[in-house]
Amino acid sequence: MADKDFSEILAAEFISVTGGLLAGIGLAFMAGKISLIPGLFILIPGFLEMRGNLSGSMSSRISSGLFLGVLKPSMRDRIIKSNMLATAILVVVISLVLGIIAYASSLYFFGIENFSIVIISVIAGMVSLSMTPLTVYTTIWIFRKGHDPNNIMGPYVTTLGDFVSVFAFMIAIAVVS
Amino acid sequence: MNIDKKFIGIHKIKRSRHHNIIHHIHKKHKLSYMTIFYMKEYGTKSHAASTIIKESIKILVLASILSSIGGLGIENMKDKFLAIMPLIIMLPALNDMIGDYGTIISSKFALMIYTGKVKLGRGIFASSHMRILIRNVFLIAIISSIYVGAVSYGLSYMQGFAFDLAIFAKVMGISVFCTMALVSIIFLVSVASGIYVYKRKEDPNNFLVPITTSIADFGSMLLFSFLVIRLF
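Same order as they appear, the protein sequences are chains A and B.
Note that the first sequence ends on residue 177 in the numbering used here; no numbers are left out.
Note that the second sequence ends on residue 232 in the numbering used here; no numbers are left out.
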């Protein structure tokens with residue numbers, strides 16, 4: 001069991017880190033635009049993390065329920081649907097909070113007022129909502145295949161979250177500018 | 001919920017043990033306490049979505065504040081950061097990797113508590129499952145941090161960034177040191193807060209993942225910024 005855990009975590013981590021490096025290349029290409037928007041570097045870590053936090057918690061809750069036999073491994077399960085709804089509401093609320101924090105910190109610490117950062121954050125949050133059903137589906141699929149979703153879903157959601165977040169930022173920046 | 005003033009004191013008492021009916025259900029239906037606990041949190045008569053939002057929102061706002069502080073570190077030295085390409089490429093991977101360990105450690109620890117693989121009364125490290133988890137995570141952390149440092153430099157080199165042994169060594173050092181230091185902190189925080197949350201009869205999953213990933217994010221950004229300022 002320990003060896004299975006080791007190989008599952010290592011394989012998932014390898015994929016996650018490679019995905020993160022590819023997202024880093026995307027960030028390097030966007031560096032010119034990012035440097036022109038004050039406060040965006042304040043927003044980026046929180047935004048990248050938010051997707052991992054929310055999807056990671058959701059996946060972990062669902063995994064616990066599946067292992068305990070309380071949830072059915074189906075997208076139509078009532079508690080699974082409630083999890084998706086709660087995650088969607090939290091994504092929008094936390095995107096707004098992150099935008100406000102970035103705006104306020106930029107104004108307070110650097111004396112730069114840039115309200116568009118709040119709009120960028122909320123738009124990017126809404127674009128990234130597409131990740132939620134995909135995360136649930138993958139958790140159920142991994143469970144059905146006989147693997148432990150806890151070993152795989154953490155790296156999976158952060159990798160997917162990075163791609164979706166960088167893509168969402170691109171769209172949000174394009175919409176605002 | 002409207003509570004009569006004379007009952008407010010009773011309402012504020014923290015839950016420290018299971019309700020009597022839980023013992024009755026456990027005996028009658030032969031369900032484990034863990035299953036009943038999960039049913040209490042998200043069962044058919046509960047509003048699962050509002051329970052999740054209510055339990056998660058505070059910690060998520062805290063996580064947002066912490067990671068924004070980490071972001072301030074990067075914003076503050078963004079000129080230096082943008083000049084060294086391996087650092088830009090490394091940032092999301094490093095951030096992810098440390099966050100991943102936060103999610104893996106906390107979700108596996110939460111499951112160990114639920115399923116009784118870790119007995120809180122006997123001490124956490126008495127559990128062989130816990131010791132194996134620590135060994136596996138540290139070993140994988142070393143391998144993947146070396147991989148991140150080397151590949152981010154390799155990708156930068158392919159994009160035209162010049163090879164310099166001193167810069168390469170610094171990039172590798174940042175990757176390995178950030179990872180190992182933060183994985184150690186995440187383990188300590190996961191165990192301490194996991195026990196605390198579980199003893200309050202709440203679901204550790206709603207607290208541990210956000211708190212460990214925000215520590216990973218906040219810590220990695222601050223440590224990363226500090227090392228970049230010191231080394232470059």
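Simulated from the structure, these hints should not be mistaken for laboratory data.
One should not assume that every hint holds.
In silico lysine-lysine, DSBU-like type, Cα no more than 30 Å apart, as pairs [said to hold, decoys possible]:
| hint | chain 1 | residue 1 | chain 2 | residue 2 |
| --- | --- | --- | --- | --- |
| 1 | B | LYS78 | A | LYS72 |
| 2 | B | LYS117 | A | LYS33 |
| 3 | A | LYS33 | B | LYS201 |
| 4 | B | LYS170 | B | LYS27 |
| 5 | A | LYS72 | B | LYS199 |
| 6 | A | LYS72 | B | LYS80 |
| 7 | B | LYS30 | A | LYS145 |
| 8 | A | LYS4 | B | LYS119 |
| 9 | B | LYS28 | A | LYS72 |
| 10 | A | LYS72 | B | LYS27 |
| 11 | B | LYS170 | A | LYS81 |
| 12 | B | LYS80 | A | LYS81 |
| 13 | B | LYS170 | A | LYS33 |
| 14 | B | LYS54 | A | LYS81 |
| 15 | A | LYS4 | B | LYS27 |
| 16 | B | LYS78 | B | LYS119 |
| 17 | A | LYS72 | B | LYS170 |
Quick list of simulated restraints, FRET-style, between CB atoms [claimed, not checked]:
| hint | chain 1 | residue 1 | chain 2 | residue 2 | range |
| --- | --- | --- | --- | --- | --- |
| 18 | A | PHE109 | B | LEU188 | 27 to 37 Å |
| 19 | A | LEU134 | B | TYR157 | 46 to 56 Å |
| 20 | B | HIS24 | A | MET170 | 48 to 58 Å |
| 21 | A | LYS72 | B | ALA169 | 36 to 46 Å |
| 22 | A | LEU96 | B | GLY123 | 28 to 38 Å |
| 23 | B | ARG135 | A | VAL175 | 42 to 52 Å |
| 24 | B | ILE65 | A | MET126 | 14 to 24 Å |
| 25 | A | PHE109 | B | LEU120 | 35 to 45 Å |
Every residue, glycine too, gets a C-beta built ideally from N, C-alpha and C.
Here is what the structure says about each hint:
no.: 1; hint: B:LYS78 <-> A:LYS72; result: violated (48 Å)
no.: 2; hint: B:LYS117 <-> A:LYS33; result: violated (50 Å)
no.: 3; hint: A:LYS33 <-> B:LYS201; result: violated (47 Å)
no.: 4; hint: B:LYS170 <-> B:LYS27; result: violated (60 Å)
no.: 5; hint: A:LYS72 <-> B:LYS199; result: holds (27 Å)
no.: 6; hint: A:LYS72 <-> B:LYS80; result: violated (51 Å)
no.: 7; hint: B:LYS30 <-> A:LYS145; result: holds (28 Å)
no.: 8; hint: A:LYS4 <-> B:LYS119; result: holds (23 Å)
no.: 9; hint: B:LYS28 <-> A:LYS72; result: holds (23 Å)
no.: 10; hint: A:LYS72 <-> B:LYS27; result: holds (24 Å)
no.: 11; hint: B:LYS170 <-> A:LYS81; result: violated (47 Å)
no.: 12; hint: B:LYS80 <-> A:LYS81; result: violated (45 Å)
no.: 13; hint: B:LYS170 <-> A:LYS33; result: holds (27 Å)
no.: 14; hint: B:LYS54 <-> A:LYS81; result: holds (17 Å)
no.: 15; hint: A:LYS4 <-> B:LYS27; result: violated (35 Å)
no.: 16; hint: B:LYS78 <-> B:LYS119; result: violated (47 Å)
no.: 17; hint: A:LYS72 <-> B:LYS170; result: violated (49 Å)
no.: 18; hint: A:PHE109 <-> B:LEU188: 27 to 37 Å; result: holds (30 Å)
no.: 19; hint: A:LEU134 <-> B:TYR157: 46 to 56 Å; result: violated (34 Å)
no.: 20; hint: B:HIS24 <-> A:MET170: 48 to 58 Å; result: holds (56 Å)
no.: 21; hint: A:LYS72 <-> B:ALA169: 36 to 46 Å; result: violated (53 Å)
no.: 22; hint: A:LEU96 <-> B:GLY123: 28 to 38 Å; result: violated (43 Å)
no.: 23; hint: B:ARG135 <-> A:VAL175: 42 to 52 Å; result: holds (47 Å)
no.: 24; hint: B:ILE65 <-> A:MET126: 14 to 24 Å; result: holds (22 Å)
no.: 25; hint: A:PHE109 <-> B:LEU120: 35 to 45 Å; result: holds (42 Å)
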